[in-house]
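*Asks:* One line per chain: the protein sequences are D and A, in this order. If you read the first sequence in our numbering, its first letter stands for residue 12, the second for the next number, and so on. If you read the second sequence in our numbering, its first letter stands for residue 327, the second for the next number, and so on.
Honestly, the hints are just simulated from the structure, not real lab data. From a predicted model like this one, the values you see are computed outputs, not experimental measurements. Among the hints, a few may not be true.
Every beta carbon over 10 Å from chain D, so not counted as near; a handful from chain A, in silico [stated by the list, open to error]:
| hint | residue |
| --- | --- |
| 1 | Gln-335 |
| 2 | Gln-340 |
| 3 | Gly-342 |
| 4 | Asn-357 |
| 5 | Gln-359 |
| 6 | Lys-382 |
| 7 | Gly-421 |
| 8 | Thr-425 |
| 9 | Phe-426 |
| 10 | Gly-428 |
Beta-carbon label-pair distances, calculated as ranges [stated by the list, open to error]:
| hint | chain 1 | residue 1 | chain 2 | residue 2 | range |
| --- | --- | --- | --- | --- | --- |
| 11 | A | Gly-421 | D | Glu-73 | 32 to 40 Å |
| 12 | A | Pro-365 | D | Arg-55 | 18 to 26 Å |
| 13 | A | Gln-335 | D | Gly-27 | 16 to 24 Å |
| 14 | A | Gly-342 | D | Val-63 | 32 to 40 Å |
| 15 | A | Asp-344 | D | Glu-119 | 46 to 54 Å |
| 16 | D | Gly-74 | A | Gly-421 | 34 to 42 Å |
| 17 | D | Thr-26 | A | Gly-366 | 41 to 49 Å |
| 18 | D | Val-25 | A | Thr-353 | 38 to 46 Å |
| 19 | D | Arg-55 | A | Ser-378 | 48 to 56 Å |
| 20 | D | Leu-126 | A | Gln-329 | 27 to 35 Å |
| 21 | D | Gln-14 | A | Lys-383 | 23 to 31 Å |
| 22 | D | Glu-64 | A | Thr-388 | 41 to 49 Å |
| 23 | A | Thr-388 | D | Thr-97 | 48 to 56 Å |
| 24 | A | Pro-436 | D | Lys-80 | 35 to 43 Å |
Partial selection, computed: residues in chain D whose CB lies under 8 Å from chain A [to be verified]:
| hint | residue |
| --- | --- |
| 25 | Asp-49 |
| 26 | Leu-52 |
| 27 | Leu-54 |
| 28 | Gly-69 |
| 29 | Pro-72 |
| 30 | Gly-74 |
| 31 | Phe-101 |
| 32 | Thr-112 |
A virtual CB, placed ideally from N, CA and C, is assigned to each residue, including glycine.
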Amino acid sequence: EAQVTQNPRYLITVTGKKLTVTCSQNMNHEYMSWYRQDPGLGLRQIYYSMNVEVTDKGDVPEGYKVSRKEKRNFPLILESPSPNQTSLYFCASSYSGGPLTGELFFGEGSRLTVL
Amino acid sequence: GQQVMQIPQYQHVQEGEDFTTYCNSSTTLSNIQWYKQRPGGHPVFLIQLVKSGEVKKQKRLTFQFGEAKKNSSLHITATQTTDVGTYFCADNNAGNMLTFGGGTRLMVKP
């Protein structure tokens, strides 16, 4: 089954404790992206990747890191989480990223709470 | 950066009534995509509009792209409880990024 898988789905952590949210897709998509969703603000792009070893900042990259060492994986790293990073995070992928014209396939979401 | 505005933010309708959400931009939109997110779920792609003045239909849903490519709309005829959710428009005017509107949350009273 074609899917985008995120882990963990739910996480409560404390300020400053490094964490990684994994994202994996099995559709051989070139393009992958991370969004955060906050009430009233819609979906805001954090980082995206056009292909392996190619990443770029979205609209709200501060406090986040990403890497794309393999085509299928695109982990989101919070080196020192802060309470303002409490949010619902979505990973998404698309067939082609140059330019992005196809639909995005979203993961189930990861709800992160930073105390 | 580009801003995509969606109105209304919320809409309550009685089952059977029609519903419309509007997506507006101060700059020319490139390709408009529409997504639906059910409560507790993730966004799911509905459709993409590319051409000026384009109209596409999916059963009770009608999608329009404005002639000047500065707005788009989604209209649902005779809403059903299964239509409940948040509807997002998104534009890829930035080339490699999709900029999402704030979404319209639709609630349907049976």
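*Asks:* Each hint should be assessed against the structure and marked as holding or not.
*Replies:* Evaluation of the provided hints:
At roughly 7 Å, the least C-beta separation between Gln-335 (chain A) and chain D is not larger than 10 Å, which violates its mark as non-interface. Non-interface call for Gln-340 (chain A) relative to chain D: holds, since the shortest CB-CB distance, roughly 25 Å, exceeds 10 Å. Distance check on Gly-342 (chain A): its Cβ is at least 28 Å (rounded) from any Cβ of chain D, clearing the 10 Å threshold; non-interface status holds. Distance check for Asn-357 (chain A) against chain D: the nearest CB is about 6 Å away, which does not clear 10 Å, and the non-interface claim fails.
Taking the minimum C-beta to C-beta distance to chain D, about 7 Å, the non-interface status of Gln-359 (chain A) is violated against the 10 Å cut. Every C-beta of chain D lies more than 10 Å from that of Lys-382 (chain A), the closest at about 14 Å, which supports listing it as non-interface. The claim that Gly-421 (chain A) is not at the interface with chain D is violated, since a C-beta of that chain comes within 10 Å of its own (minimum 5 Å). The Cβ of Thr-425 (chain A) does not lie farther than 10 Å from every Cβ of chain D; its closest approach is about 8 Å, which violates its non-interface assignment.
At roughly 4 Å, the least C-beta separation between Phe-426 (chain A) and chain D is not larger than 10 Å, which violates its mark as non-interface. A beta-carbon of chain D comes within 10 Å of the beta-carbon of Gly-428 (chain A); the shortest separation is about 4 Å. A beta carbon spacing of about 22 Å between Gly-421 (chain A) and Glu-73 (chain D) contradicts the range 32 to 40 Å that was offered as a hint. At about 20 Å, the CB distance of Pro-365 (chain A) to Arg-55 (chain D) agrees with the hint of 18 to 26 Å.
Take Gln-335 (chain A) and Gly-27 (chain D): their Cβ atoms lie about 35 Å apart, and the range 16 to 24 Å is violated. A C-beta distance of roughly 50 Å is found between Gly-342 (chain A) and Val-63 (chain D), which places it outside the suggested range of 32 to 40 Å. For the pair Asp-344 (chain A) and Glu-119 (chain D), the supplied restraint of 46 to 54 Å is violated, since their beta-carbon distance comes to about 31 Å. Checked against the hint of 34 to 42 Å, the pair Gly-74 (chain D) and Gly-421 (chain A) fails, with Cβ atoms roughly 24 Å apart.
For the hinted restraint 41 to 49 Å between Thr-26 (chain D) and Gly-366 (chain A), the CB-CB distance of approximately 27 Å leaves it violated. Range check, Val-25 (chain D) to Thr-353 (chain A): Cβ separation about 41 Å, and the 38 to 46 Å hint holds. For the pair Arg-55 (chain D) and Ser-378 (chain A), the beta carbons lie near 28 Å from each other, so the given range of 48 to 56 Å is not met. Remark: the range hint 27 to 35 Å for Leu-126 (chain D) to Gln-329 (chain A) is upheld by a beta-carbon distance near 32 Å.
For the hinted restraint 23 to 31 Å between Gln-14 (chain D) and Lys-383 (chain A), the CB-CB distance of approximately 28 Å keeps it satisfied. Between Glu-64 (chain D) and Thr-388 (chain A), the C-beta spacing of about 42 Å keeps the proposed range 41 to 49 Å intact. In this structure the supplied range 48 to 56 Å is violated for Thr-388 (chain A) paired with Thr-97 (chain D), their Cβ-Cβ distance being about 37 Å. For the pair Pro-436 (chain A) and Lys-80 (chain D), the supplied restraint of 35 to 43 Å is violated, since their beta-carbon distance comes to about 49 Å.
The criterion of a C-beta within 8 Å of any C-beta in chain A is not met by Asp-49 (chain D), whose closest approach is roughly 10 Å, and the hint is violated. Of the supplied interface hints, the one on Leu-52 (chain D) holds, with its beta-carbon coming within about 6 Å of a beta-carbon of chain A, less than 8 Å. The beta carbon of Leu-54 (chain D) comes within 4 Å of a beta carbon in chain A, closer than 8 Å, and the hint placing it at the interface holds. The closest approach between the C-beta of Gly-69 (chain D) and any C-beta of chain A is roughly 6 Å, which is under the 8 Å cut-off, so the hint is satisfied.
Interface hint at Pro-72 (chain D): violated, since its Cβ lies 12 Å from the closest Cβ of chain A, which is beyond the 8 Å cut-off. Interface hint at Gly-74 (chain D): violated, since its Cβ lies 18 Å from the closest Cβ of chain A, which is beyond the 8 Å cut-off. For Phe-101 (chain D), the shortest C-beta to C-beta distance to chain A is roughly 6 Å, which falls under 8 Å, so the interface hint holds. About 6 Å separates the beta-carbon of Thr-112 (chain D) from the nearest beta-carbon of chain A, less than 8 Å, and the hint is met.
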